[in-house]
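**Q** The primary structure of each chain is shown beneath.
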Amino acid sequence: MSEILTLSYGAAIREALDDGLARFPDMLLIGEGVPDPKTIFATTQGLREKYGAERVLDMPLAENGMTGICIGAALAGMRPVLVHQRIDFALLAMDQLVNNAAKWHYMFDGKQSVPLVVRVIIGRGWGQGPQHSQSLQAMFAQVPGLKVVMPTTAGDAYHFMLDAIADDGPVLFVEHRWLHHVTGQVDKDRPAAGLSRAARLREGRDVTIAAFSHMTIEALKAAVVLTEHGIEADVVDMRCLTPLDVDTVARSVAKTGLLLVADCAPEMASLGHTLISRLYQRQQNALKQAPRLIAYPNHPVPTTHFLANHYYPGAERIAESALELLDRRPLLDSVRRQLQSDLAKDQPDRSFVGPF
Amino acid sequence: MNVPTTAELQDLYYRMLRIRRAEEAIAARYAEQHMRCPTHLCIGEEAIAVGVCAHLTESDKVFSNHRGHGHYLAKGGSLVGLIAELYGLAAGCCGGRGGSMHLSDLSAGFIASTPIVGGTVPVAAGYAWGEQRRNSNNVVVVFFGDGCFEEGVLHETMNFAVLKKLPLVMVCENNQYSVMTPLYERQPARDIYQIAAAHGLQAVSGDGNKVEHVHALAENALAAARNGEGPQFLELHTHRWPEHCGPNEDDELGYRMPGELLAWKQRCPLLHTGRTLADARVGAEILLALEQQIGAEIALAFSEALAGPAPALASMERHVYV
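Chains F and C supply the protein sequences, listed in that same order. Heads up: the first sequence begins at 84 in our numbering, then just goes up one per residue. Heads up: the second sequence begins at 34 in our numbering, then just goes up one per residue.
A portion of the hints provided could be inaccurate.
[Stated by the list, open to error] Cβ pair distances, simulated, as ranges:
hint, chain 1, residue 1, chain 2, residue 2, range
1, C, E57, F, L376, 54 to 62 Å
2, F, P326, C, R219, 39 to 47 Å
3, F, A276, C, A61, 51 to 59 Å
4, C, Q325, F, S279, 51 to 59 Å
5, F, P326, C, P71, 31 to 39 Å
[Unchecked claim] Cut-off 30 Å, straight-line C-alpha distance, at most; resulting in silico cross-link-like pairs (BS3-like, lysine-lysine):
hint, chain 1, residue 1, chain 2, residue 2
6, F, K428, F, K304
7, C, K298, C, K243
8, F, K121, F, K371
9, F, K338, F, K121
10, F, K304, F, K271
11, F, K371, F, K304
12, C, K243, F, K194
13, F, K133, F, K271
14, F, K121, F, K133
15, C, K198, F, K194
16, F, K133, C, K197
17, C, K198, F, K133
18, C, K198, F, K121
19, F, K338, F, K304
20, C, K197, F, K121
Treat the hints as calculated values from the structure; they're not laboratory data. Note that CB positions come from ideal geometry on N, CA and C, so glycine has one too.
If we strip away everything but chain C, and leave its shape as in the complex, we get:
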């Protein structure tokens, strides 16, 4: 397995931190009631988006789901476009028509996120089919959760993807919960990635909170998909810190085991990578400079987004096929 260099690791840290701080900024402003759409934050899960997307070119494609902010930013989606979209403004990445659960930035190769669980999985495979048919050498990545693994359409898609040896990487972010229902109430005790392997995908599992680990697994999977070896499956274990939907934490509801959230917080991707960087003698002042750079970028992005107009009422009926 290839280990990222210190410079690469510092870059991965920066990308994770940027997602974390963007999500925190969204959470902090959410109560103001101007972002009026459901948001599903990905705090705690940043390493997966960043570790996978670090290997993608601009022309590779990504599909995501309701919890898509991190994937969108990791693939290079516009931060201003994301924030404006949450506020329902015309400059939003979907013109305000989608909100947090529907994101798209074609210039970054982030094709779409949608909130019906499993909805983007076959679409991603179909996109990979299209890429394969024109010999583009692009890879398509689709992110989904452990809950999605229960959807029939995912298994239908795996069957066809293997049949056609599609250049597709399926990334299962196993955070153990579907909304507030634990995995053991939804699935029998067996490894998710092995079911994918039984479908004929090349499948591995790993620690989704260690970005260097994700980075290495993704590098292999993407290379294999690009080399015509067919679809790849990564099951990456992680945990979502905030509530399923909304800006807060909800540990007081008691659906997790006592101490579970705390244990996962101790496995924080940023904490872990920060320590590794410190061991590699990357000074605290460098990480602080990254913090400041990101803080300034996010503040600017909010003010830039909020300066824009609301969508014109006359645009309501546009873009319906009739």
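So here's chain F without its partners, still in its complex pose:
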């Protein structure tokens, strides 16, 4: 009998790092704040005490240099997991990530591998502002040789982290900060699925909603309310960005004929656009209407909550778009009422009082 744990997404990551350190003697866990008292939103809690300061360590404020050092350590047989508390800091390491980690295996003819995991945390809210809450995953996904994963559920967070550690190539592990507190089931004995497929989280015949990371949670919220009005949404979690699993979405669209993509990134050159483009090229005739994309606006997030509160699309917008696609506009008002919340959009839940 396999044991099924109920864990928050953040705790699932901690559990995976713990199991990874136990399973892989060459794994290192390194990053600014890894062993500090806040332990990267508690995702590294207790690990230094358990595995020692040689394997679980902080680092100098030198993102590019330390990424290169982790690449070199990986070439020498280590399995480093490097953490950036904000994806924004990974920009300082672009040279090493793009020019070295991603290319090494290819440019040296497959003879060397870089088993490196880079955790990057995206997120929103509570005054994170223009330089602490960007959603830059598409920039990284464009680089051949970097695997980019963005798990949504606690179960996927656990298994993807362990798969990423075991992977011989560089993996960018994108965590949405607002997922950290979302609880789910973790079956540690679940068969390995690899780092390459989307997951259908909800079956429905009427409309396909393909969503990324935290937008999947919003899509599920919308789907619950739509069900009450007799509308069944097929919700696909696009948990792996490279390669992008168009097949799973295509199968869904073949059934529903309607596609709504919800991305948690600025609209410009987003994965959402890539998904729509690929699907349209393959299956134009399966679509009864033009697909819809819900994404962030193409401007930085302002810090002030008076403005940021209107920046992020959520379940309400997803449900509205679904109703429009299905030509069920008369339902708009009641669906809006059901999804409306007085919770500010810069807060993940009522217990949250900031700061991150």
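Assemble chain C onto chain F, guided by the hints.
**A** Chain C only, in chain F's frame:
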């Protein structure tokens, strides 16, 4: 400082001459348009690669940069593999995927050269960290130029290397030019090695054109790194004779002081060591025999390399992680 014996010096001469003649052979054939990648020749700088690598075992590791042919050959990289790589052939040391600026020969402990300035410096330090973690007693050497000393990542790396006392030897080949821009336009007037010393590395500078001098400095640095004394820094002064990128000389462009190149040519590492050997009564016929041996090896290497096939088109997408 230990002085190499005459036999050692003759061996160092041979290794330098082999690099010089290989580079000249590449330059001579470059205009044929079959080597279709940028090449950065190291003619004039051979003493540094040879003087440092002479002390390395096969299991010690070397990282290099865009000007890497000399380091690759000095560490024991395959000459045929290098030539085939320049021609983009399947038998190239990177299967033709890298060209002159990306070289690797794992069997020789030459891990990699890459052309983004500073790119290999942290990777070398990370490799040294890995070696240290498994108590291997191997040392990692990374070669870079004076231009690289301006890159932030080099200073980030020095900080961590000292923090962790890594078995790393950083070799700065100070040839005074970044492409065609002189050092004084890029850096204030201060000694590069002293900045490294301020980071906490054991650092010295010396004449990079006298192989016996490089040999002695490197011996000390490598022993210290191997003995757990932490990272070492060598600043070695030298000069690049050919143009930054390509087979020719470019003194007519006038970016050097008049007479500067000529003065450095008079300090040629081969000329200097040849004279020392002559003083030690190593006959001209011995050096001539070395010339002939090397000439034959290079001619054979070119014909062997060129006899091989081009990479299969179907291999284009191989080795991408997805």
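**Q** Now, for every hint given, state plainly whether the structure supports it.
**A** Status of each hint after checking the structure:
Hint check: E57 (chain C) to L376 (chain F), Cβ distance near 59 Å, so the stated range 54 to 62 Å holds. Between P326 (chain F) and R219 (chain C), the C-beta spacing of about 43 Å keeps the proposed range 39 to 47 Å intact. In this structure the supplied range 51 to 59 Å holds for A276 (chain F) paired with A61 (chain C), their Cβ-Cβ distance being about 56 Å. Range check, Q325 (chain C) to S279 (chain F): about 57 Å between beta-carbon atoms, so the 51 to 59 Å window is met.
Checked against the hint of 31 to 39 Å, the C-beta distance between P326 (chain F) and P71 (chain C) comes to roughly 32 Å, which is consistent with it. With a CA separation close to 15 Å, the supplied pair K428 (chain F) and K304 (chain F) stays within the 30 Å bound. Between K298 (chain C) and K243 (chain C), the direct Cα distance comes to roughly 13 Å. Compliance with the 30 Å bound is thereby established for this hinted pair. About 50 Å separates the Cα atoms of K121 (chain F) and K371 (chain F), which puts this hinted pair outside 30 Å; it is violated.
For the hint linking K338 (chain F) to K121 (chain F), the alpha-carbon distance of about 47 Å lies beyond 30 Å, and the restraint is violated. For a cut-off of 30 Å, the pair hint linking K304 (chain F) to K271 (chain F) stands: about 26 Å separates their Cα positions. A C-alpha spacing of about 24 Å is found between K371 (chain F) and K304 (chain F), which places the hinted pair at or below 30 Å, so the restraint holds. Proposed proximity of K243 (chain C) and K194 (chain F) is contradicted: the alpha carbons are some 36 Å apart, above 30 Å.
Restraint check for K133 (chain F) and K271 (chain F): the C-alpha separation of about 20 Å stays at or below 30 Å, so the hint holds. Note on K121 (chain F) and K133 (chain F): the hinted pairing holds, with a Cα-Cα distance of about 16 Å set against a maximum of 30 Å. Between K198 (chain C) and K194 (chain F), the direct Cα distance comes to roughly 29 Å. Compliance with the 30 Å bound is thereby established for this hinted pair. Between K133 (chain F) and K197 (chain C) the alpha-carbon distance is near 21 Å, which keeps this suggested pair within the 30 Å criterion.
Of the pairs offered as hints, the one joining K198 (chain C) and K133 (chain F) holds, with about 24 Å between alpha carbons and a cut-off of 30 Å not exceeded. For the given pair, K198 (chain C) sits about 28 Å from K121 (chain F) by alpha-carbon distance, which is consistent with the 30 Å threshold. This hinted pair checks out: K338 (chain F) and K304 (chain F) have alpha carbons roughly 22 Å apart, not beyond 30 Å. The suggested pairing of K197 (chain C) with K121 (chain F) holds, with an alpha-carbon distance near 25 Å, which does not exceed 30 Å.
Checked against the numbered hints given earlier, this structure breaks hints 8, 9 and 12; the rest are met.
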